[in-house]
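Student: Each chain is listed here by its residues.
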Amino acid sequence: MMRNVNAVDFPTNGSMIFYFLRGSKRWFFAAILSAWVVSLLDLVNPRIIGFTVDSVIDETGTNVPWWLAAFVKRVGGLTAIRSHLWMIALLVAGIALARALFRYFFEYFNTKGAEKLVKTMRDDLFGHILRLPYKWHSENAAGDIIQRCTSDVDTVKVFVSEQMTGLFRTMILMVLSLIFMFRIHTYLALASAFFIPVIIGYSLIFHNRIAASFEKADVEEGRLSSIAQENLTGVRVIRAFGREAYEKKRFEDQNRTYTSYWVRLMRTMSFFWSSGDLVSYLQTLVILVYGSSLAIRGAITAGDLIAFISYNELLTFPVRALGRTISEMSKAGISIDRLRYIMNAHEENDLPGAVTPPMDRDIFFDHVSFRYENANAKALSDVTFRIHAGNVFGILGGTGSGKSTLVHLLDRLYEPSEGRILIGDTDIKAIQRLYLREHIGMVLQEPYLFSRTLGDNIAMTKDEVVPEEIADAARIASLDETVQHMRSGYDTYVGERGVTLSGGQKQRTAIAQMLIKKPEIMIFDDSLSAVDAETDAKIREALQEKMAGRTVILISHRISTLMQADSILVLDHGKVAAQGTHEELLVTSPIYKKIFDLQMQGAEEMKQADSIQILNHGEGSAQSRPEKLMNHLEESKGGNMA
Amino acid sequence: MKEKRYPWFGFPKILPYVKKYRGTMFLMILCGAFVSLMDAVYPLFNRYALDHFIGEKTTDTMGKFILLYLCVLAAQVATNFTSTYFSGRMEMYVDRDLRDAAFSRLQELSFSYFNQHNVGYIHARLMSDTSKIGEMMSWQLMELVWNGSYLIFMLLMMLSINRTLFVYLLALVPIDFFFIWLFQRKLVRVNRSIREINSRITGNFNEGITGARSIKTLVVEDRMEQDFRRDSEDMRRASVHAGHLSAMFISLMTLMGSTALALILWKGGQITMAGVIKIGTLSVFMSYALSMIDPIQYIVSSLAKLIGIQVNIERFTALMEEQPNVADSAEVIEKYGDTFHPRRENWEDLYGDVEFDHVDFMYPDGDEYVLKDFCLKVPQGTNVAIVGETGAGKSTLVNLVCRFFEPTRGCVLIDGRDVRERSQLWLHSHIGYVLQTPHLFSGTVRENLRYGRPDASDEEIWRALRLVSADDVVKKMDHGLDSEVGEGGGMLSTGEKQLLSFARALLADPRILILDEATSSIDLVTEHRIQSAIGTVIRGRTSFVVAHRLSTIVRADVILAVRDGKIVEQGTHHELMQKHGYYYVLYTRQYADMAADLALEH
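Protein chains in written order, with this note's numbering: chain A, 6 to 647; chain B, 137 to 738.
Same shape as in the complex, but just chain B (with noise of 0.2 Å):
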């Protein structure tokens, strides 16, 4: 995927989801800021100790140290709290924003842009481009306003007691800097190479385990053995030279932190035993010395996530701004509302006549017509079937008809009118839907019947399950309409899921309705049933059924054969058998196996 560059690393695009934040993220600097502060000072209680109480030989102050320490304490405990439970509060709104912001893009998205991403793409920029944008908002930005001020307050103070000291300790700041970089660097691109080896790896247990079929029959254990360890060998490697840099870096930089107490030792032994400074003062430094490299680490790790968090910024906006190519006209708009404010009260009747009129179309991605001057008039209560191979692009007319997709050339007309002078959301109110995969939300048999008409009650619910005689299905479940479904309807056969879904496709009653037959072979009995089903649900209405199964298609009003994305031909079944084209190769073949097993099964 090619992203698009913003200026600014793209952070002008996030900022109108930060802004509603902008006090928390004010309380937030600033307590962070303080915890810095409070953080540099605590040495100088060790300074005082040990030049006042000890160096003195007197405990005067005593009182007033203990309060003024457990006071600096009590400040420090609370703005840290403070100041990281704020962060995370913050992350985790703009997160969610980010995720509603996104959700709510998807759901007025065309099917194209659906089409052209697979799902575990879209789900990724919904679900961690936004956290990972979320998590910079916050955390990183925490780490670099804590580490930063922690050294700049550092630096101060070492200035404000000690000048000679305080510039060997600057001095060594830029050099920590640059080798800290240079590692950081490198570790980058290791890491990057080794998450790739693991990608492979995930992919080996995957065919291992779902190809297990086949590396049995094939006697290939040993082969695929074999190159799993030569993959988990490359793990091994490249992982270990991961660790080696880490390994490099981490001494390096304790060394780095040594260095700067050796030196202020040197350095600052001298002017001690010369007079200069106390040795409170020396031991103060020498803390300084200590902890200035875990600050120097923390920002060039933080600007490095920063810098790289730009590709998830990219990959959100490009989201944000994805223009659906189907939309209703603003007149549309006006009159039918939105696809989340809709204008009922002024939406019409459909009644079901359906019309091609000179249609042409090519997909977004495509580069070939797949429908030219195509003409077909559909009147109220026909059956029009379209069959073809698997992938021969048997969806095309359902999705014009849906307007899922608009025609490149010519119109499809609804009850006379072009489906373009009503809202999407009126067309989608009064079509009915059965997919293939018979596809449920997770949630009750209930949710998912009521999904086309949310105010169904439990009798006019019993009702279509009975006429699709799919109540028995549910009523064998524990909970009755109460059950859960599980993720994708899990719970049950995809028979009973076929079921379930023509009684939610009843329930709703459309004028229209649309049917994508099942492929995969189910038994006999709830085979029988799904037949029926389908003569329940189709009676009355307009329907355009993605057929497979014989006795769909033969029933059918008209038959669309499409192949290569093509309609070839078009007519009832005798005149297609009579024809003895395509249709008649598909059907005569079909009709082999279909014999076959219903003479065996009987």
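The shape of chain A in the complex, shown without the other chains (with noise of 0.2 Å):
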């Protein structure tokens, strides 16, 4: 797929909007161009009006335009209109008809337009955010994200589509009926566009004030939604503290003013929405009255006024709606804003030059470092050490030892602060990063399933795949027995990151999905955590006897999931504690040891131990087991570790 956002940098909203218009702006375009059609339609009815009164039925007429006077005479003169008085209802439905088209063209080219900008927001956000790094995702909130990414796309629409189209419309639509309107009249348009400047600046100031008091009426009723929030997830902590009287009352003062934010609200438009109505009708008393002693005058005809106040109503709405728009842009403008600080961010690249060398080698961390922004303490600190090509590989840590951070590192879904990792002899900074993600299969411990089917979820690493290879990777993962049990078997939806699976079978589905890709390096992090020993034991040597000679690495907290690799690190907050085969670990390796007979034995011996402890576990002087444990370690530690 073709890709160039990575090279657009916006430093404007303007700069932004623009480059979204890319393929909607001809849409717009045309609707812009039909609206000009549709309010010259809107103006030529009135006149028609106008001269149908004064010349055919009042016979007074005297300033007919030459596109009428040009009808009037190709239909055979005003006799033969006045006898046939259907020709001017022809003309006028014609008209109408002409002016619906052009309405439909610009209806339809403006959602052509602007759904057609929607897609391009949405695809180029959603494709950006894909390459945006890791560490982006990670310092951002998910829910701001799609929040900007759904609503304040949707603020942009709008306002491009309705408010800023709405605008040009108007424009032509005052300058083309004020125009039609100096021609009746010079003073009585005069006294109509005299109104106009008014109207607009009235209705800005309103909108300014009704958007400030939305915006608190807003934030109390997201108060009162998140109390009714609280109130629900925590149903469990009101019962149990007999809290219900104190949660009610504490949700009706909050409903209470909650309404009368909204009532006072409620008040403003109302007031706004009256006192345009008495601005609007004053215009046109005003315009009764002085265009009346106008044509009596004899200075305009009675078709002139009829005419002049039908462009007079045209007018009347949409510039009420001008100082809205006009308001509005401050809001967009925010919406904008929010997306921009996405699309400004940088989209992960590669080093110019970046190669594909063959991944089948040696991995070698080479005094590497690393500490995540605003942490205090380094996650990995000057860690060495070696994986041969071919090997099972396996790191052995605590929670917060940095095994995690390890593999991250190796993704480069994070870049070592300090140091490099190399693959055979090149590093991987210098490697094209899909290239050596394609290569790399990592497991996580808990994987993130996508919301389809089973089947999709294993095959989604790969374009074209048989159903086969499915059964044969889930076959490898112990998945295959689990499925045949399942109505419909791969088919399965596994809802929104896989909540219908339980967690070992969802650690299984993504073990098979990265199977499925045969990649030369395989990252089990902690992944058979949620499966039970036996199956533990069964994918182990499933992957042994079909995956020989791929280079696997092994992460976990259990030494029997780790004793058969090749070799074993021993990850301690963030250092190399040891490393070696297991055996040479149980010899060099005191606190390898010490698990390992933790683990092996520990229940055994714990049968006996713990009928002494459990004698006295009553009082509370009594140490836990997990509390002689550490005690023991302690004193162990003195002596070997130091």
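Zero decoy hints are in this set.
DEER-style ranges, computed between Cβ atoms:
| id | chain 1 | residue 1 | chain 2 | residue 2 | range |
| --- | --- | --- | --- | --- | --- |
| 1 | B | Lys611 | A | Thr17 | 40 to 50 Å |
| 2 | B | Thr338 | A | Lys221 | 20 to 30 Å |
| 3 | A | Ala146 | B | Glu481 | 44 to 54 Å |
| 4 | B | Thr338 | A | Tyr498 | 10 to 20 Å |
| 5 | A | Ala103 | B | Pro143 | 46 to 56 Å |
Calculated from the structure, these hints are not laboratory results. Yeah, the Cβ is synthetic: ideal placement off N, Cα and C, and Gly gets one too.
Please assemble the complex out of the two chains, which come individually in their own frames, going by the hints.
Tutor: Here it is as structure tokens:
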């Protein structure tokens, strides 16, 4: 897929909107043109009516526009029209038809443009977000970003397709109808024009006021909504503390506050609406009275006055809406700004001349250190070790020891703060990022499944998959039996994030998902934690058989999972504590030996030890088993680890 | 969700909430109708100006004309303000009352209701259904009043001015209604499918953003993008289709208006030439012809909305008619008071003996007994640990002790008396509850800690904080006890929230304590503090702990091992280890993980 968003940086809101408008500009352009035709036709009918009243019915007409005169001449002069008034009706209907047609064009083109714009915005945003560094994702709250991609996009759409095109439409309507009005009578037109800035200014002030109090009401609504939300999610706490009455009062109080804000807002709005009417009708009165007196003096005809009043009415609503458009501009500006924040973040990119070296090579961590942003301590400090190609490599570490960070660095989800990581002789920084990731398979402890079918999830990484491949991968991952028990088999829909599956099923699906690609390097980041020991062993056995020759990195708490590895690294607080084979470590690393003893024989030994402990556990001074364990470790550590 | 159908679109169900505001409603309808009347009258001023001033070339009545116009205008503006403001008020007040009623109902409903419906669903019933009903009872009603009366007044005016022209325009009304109705139905259908695609797109964004790590490690960016583009293209197509329909609709409407105008110009022009009517009258008819279409459109769309609203009414009514399946009997309420009006003077103390006496239990939405003839005596001060895998049904016992559910058979005794003999509020006031995911309410630290005992002094609060060694958590916050904890306690870490919820439970000084331990791993220092906090809060109380930590489990007086919803083993740690059964497997597996953690952490 061709992508060039990466290179684009948007210094201003305008530049970004312009960029998003690619592909939709022509539709908006066509829409505005159609709107102008509509406005023009809007202005024609009142003239025809005016003419009909004056020349045909009243016989006083003088001021006949050329196009109308041409029509009259063509159909056989005034007398013909007078005896066949349906011709005028037909003309009016014909113009109405043309107007309806162009009105349709306007609406349709406008929608086309708006929807194209929205699609471009959404596609650009989504594609861009997918390619933003993982670091960016971890620094920004998901909810906020989703909000921006949905409601801010809508705000921009409404602004461009309704307010902006509306603005163009109103402008041209205003100009044209003022021209027509001025041609009828200068002073009368001036009287009408005088009201335009008054109405716009007045509507602008009001909309700003409404926007301000709307915001306040919105905040109160948010509060009310979160009280309700908290009440529902905290229902256990509320019931358990017997605080229903308090909760009721809390909700009712906020409900009252919220309601009073809205009622106030309603009052402002009602005042705006009714006083808007007042101004408009006053304008009509001025025109009616002044126009009548002009007509009496013979300065204009009755038909002219009727036409003039029609023009004036045409202007009323668009002009009133203008104030709103202007006040909404600031709102749209905020939304555009919020989108620009996303679009201006830099996508992951490769160094110039990035390479695609063979991946079945040794992996070498060369004095690698890493510190998360805003963290005080280093997650990894000066870690050096080698993973031989084709080996099974185990990493043993406790919670927060930095073992996941290690593989995140290898997959370039983050970049090391110091040191480098080599695959073969190539620094992974110089390798094309997607190439690197495609050849490294990683299964996470809490895998994220996509809301598709089970089969689709497994086949996710491949473009073309035959069913056997899915079944094969599932078999190695010990998932096939589970699937056979499902009613729809591989077509079972796993729900959002795989909610319909258990933890172990999710992990096994993720393993199958990785296996189907047969990557050169496979990482299992604690990814067998939720399956039982038996299945764990079965999966490892199948892996050895089917995936022999590939580099496998196993990360775990459990020595039983790692003991058959060719080499095991013991990671402790971001530092390498020991490395070797299981047998070697049992000799060289006291801490490894300790863990091994505890895990392998621990249970057996405990049965005896506990019989003593259990006798006095009732007293507060009694130590629990883990506490004893801890003390024990402390003692042994003093001598051996220092 | 199935919704029950009610007669008359369910409106009678809403009537009680509206009745209170019948005065407001009467006034707003009256004013609304008056506004329409004035709107229909305005063209008559044009007529007078054309026929009298211009036609007879005189300005003799100009003063009166302006005065009358201004009077009508003033009356119109005043009634317009009144009717819009009153319907706004009406909307908000009805909304408010509906929400209050729904909220209050929710406080009384049983746990099974909350288990069967997710928070999002209930929240929508409480917030959006009520506001839709409120909107309908005010704005949609007003739209009908305004437009309905406007249309009627216009027709009446026409009838009184000229019968022939009136008949022509009247003939157009049903045709207009028909076309508008037709389009409206189509538009509703298209918009429904747009909403569906829209939720798919939001889901896509959700997945693309929350699943970033997996997308990157799997290198499926292009796949995700392709799929997204397909959905966004579906959306574009559907929206353009809707746009096309509504463009047709709008054009058709203006065309119908213009047709009416042409008709009047033709037929009206003829009779004007014949001298039957004057120019002014013709102009009045022309403006009516043009104005007629708008109210028809609004009436149709209001009617459609009124019919559409019945879904909201049904859902709201279903909530209001939901019966709690754990309810206090009339005698109990008589003595102990109800949820909102407790009679604390009649409450006795709770000592803390709990007994399950031949209890059978099945969840209301389940089809299998999870407890069968279960007997357990828990004397005051006993610490019961409940263990098992995630989702095994460990909270069943807790639910029964708290009387969130009632046994299907047998009974739960507190201090030797059936729980049903005393009120839920009485029981709950003596139970402390610490949740796995600690739930704090937005507000200050003090408000949160006082939740279980509103009259606790600052001194008592600090003592409780010290006891669970959470005092430094509060001290390091900017405003001490007055610090805001944010929504859901968002300003605090999980460990800190847990410590505060321990302090909250301790402050309430309950006789029975329920504790749902957290599974999430936290740093070792906090972990230690939490361990000792647990020790502090359960001391001397009857406690039920849904346990995940080995130290908690080992220390318990009784351990219940739960598997697939059923209690499979029961005994002390020692007994169960000897048994070499399910508990043994659970324990050793967890022990291995913990051993590695502890060894390495040191």
